[in-house]
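J.: Quick note, the sequences are listed as chains A and B, same order. For the first sequence, this note's numbering gives the first residue as 1, with consecutive numbering after it. For the second sequence, this note's numbering gives the first residue as 233, with consecutive numbering after it.
Hints are supplied without guarantee of correctness; some may be wrong.
Unchecked claim - For lysine-lysine, the following DSS-like pairs were computed, each having C-alpha atoms within a straight-line distance of at most 27 Å: (1) 226/A with 377/B; (2) 185/A with 337/B; (3) 433/B with 54/A; (4) 213/A with 440/B; (5) 270/B with 213/A; (6) 54/A with 440/B.
To be verified - Not close to chain B: a few residues of chain A, all C-beta gaps over 12 Å, as computed: (7) 81; (8) 86; (9) 126; (10) 137; (11) 151; (12) 155.
Rather than coming from a laboratory, the hints here were simulated on the basis of the structure. None of these values were measured; they are calculated from a predicted model. Glycine included, every Cβ here is placed at the ideal spot set by N, Cα and C.
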Amino acid sequence: MKNTFAYFALGLALSVSGVPASAQIVNAGNSPSTPAQNVFCEKNLKSTVTRVSKTVLPSGYSDLKDVQLNSDFRFPKNDLPFSQALSLNDPVTGQSVAVLDQNFIPGGSKVSSAWGRYGISIGGYWVYISSGGFGSAVISNIIPFEADILWIPDGESFLIIKGCNGRFTVTNEVAAALRNFPAGKNGYIRFSTEGTGSAVLSEIGNETVQAWKKVYANWAPEAPPKVESLGF
Amino acid sequence: MRLLAQPAALLAPLLLGTIAQAQSFRSTSLDYNIVALKESRSLAALCAKNPQIKECQFAIGEWKPEELERVKLEVPICFDQCMLDVFGFYKDPDTSREIPAVRTKDFDGSAPSRGFEAVFYPVALRLFRYEGCAGCALIYQYPTKVTAKISGLSYDLPILARGGYYMPGGLRRAIINAPTSPLTLEAATSEGDFTVNISSKAVSQYAKMLRLLKYDQVL
Chain A
1 MKNTFAYFAL GLALSVSGVP ASAQIVNAGN SPSTPAQNVF CEKNLKSTVT
51 RVSKTVLPSG YSDLKDVQLN SDFRFPKNDL PFSQALSLND PVTGQSVAVL
101 DQNFIPGGSK VSSAWGRYGI SIGGYWVYIS SGGFGSAVIS NIIPFEADIL
151 WIPDGESFLI IKGCNGRFTV TNEVAAALRN FPAGKNGYIR FSTEGTGSAV
201 LSEIGNETVQ AWKKVYANWA PEAPPKVESL GF
Chain B
233 MRLLAQPAAL LAPLLLGTIA QAQSFRSTSL DYNIVALKES RSLAALCAKN
283 PQIKECQFAI GEWKPEELER VKLEVPICFD QCMLDVFGFY KDPDTSREIP
333 AVRTKDFDGS APSRGFEAVF YPVALRLFRY EGCAGCALIY QYPTKVTAKI
383 SGLSYDLPIL ARGGYYMPGG LRRAIINAPT SPLTLEAATS EGDFTVNISS
433 KAVSQYAKML RLLKYDQVL
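The whole structure should be built from the sequences, with the hints applied where relevant.
T.: Right, dumping it as structure tokens:
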């Protein structure tokens, strides 16, 4: 159980800013994926290196808490607030803005999601109670899952987004759909998980829906001026 | 009536001249070019484009490389960051650019993981609140409004960027004139309002930076 939390806490950090949209790959023209001889693997002789520019946030997020993701896997404590837009600074992938959400049955199954500017991650665990009651101990099976297909309503249509390992890339179309969710109301998503065909319906709280308007606000990535440059 | 009108007619060009001078004085002050500063993205770029701005004319910056090198001989140069409460040029480890700054902190001794960090640049201030705990992520907060108070006067600091605030000419002048006076910053954040006390050593070091970089001649 603890490991599941730890995994997810780390996953949130990665997913929020770790999967920039293809438009973010600024240096793709200069340094495309480079096939290289992998001297370490006998069977996989070709490996690739992809250079991706770190993501940046424009001005306009001064009011958000700026979370420095400096707790590594040894500190899986995830004390970040849910349903609140946060600015995140990942030492590896750069700056992003995201909102964390959770939907659960107390003591039971849980769906955790991180809605980042550049990537979405959805995972959690299902709890199946196989026996118990009448004096015998309750035996619960906890099965972790990662979503691989996501359905998002968008006005009179809906978007089907394919991902893997619980991660989904945010395109302009996805961002617009999330941004335009009606404010003040709970939202719904549907997703299927790895290895199963069924699609689960999950509710998203109205505060998270509200936060999407900040996270997916319409802007093009442009680094704001540095304070030290403005001051000297 | 005609007698009264005549002196007024004589004075009019004089008055107009004074107004024009005042307007020109204003327009060449950096205080009146903050938007241009933001658009230029750096003071050095603004000075290259608009050298008649007083700060560009009198003060020393990257637009006066020889004089700047001379200033560097008088203070420490440190990689990444200099010691707290000391004026030094810190070397950006990535670009090797040498930037003059005074870095200081204000925190409660019983909870040093919570407090404010302030970095003074010649015409800007970087200010943020930090809060951490063992094993959890460090969280920064950027004030949405900052007011500086020194020698009984208050100065609102315009926001330049996230966590970046402009140091108005009046505040710079007050600090140069009273480098040992206590300086406080009233910072409003979404978590509440805070008073940040800037140590007298940091204030005097900032005044030293302004003097060495000839910002005292701008005023």
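J.: Confirm or reject each hint.
T.: Verification of the supplied hints:
no., hint, verdict
1, 226/A with 377/B, "holds, 19 Å"
2, 185/A with 337/B, "violated, 43 Å"
3, 433/B with 54/A, "violated, 37 Å"
4, 213/A with 440/B, "violated, 46 Å"
5, 270/B with 213/A, "holds, 26 Å"
6, 54/A with 440/B, "violated, 37 Å"
7, 81, "violated, 10 Å"
8, 86, "violated, 9 Å"
9, 126, "holds, 28 Å"
10, 137, "holds, 32 Å"
11, 151, "holds, 31 Å"
12, 155, "holds, 33 Å"
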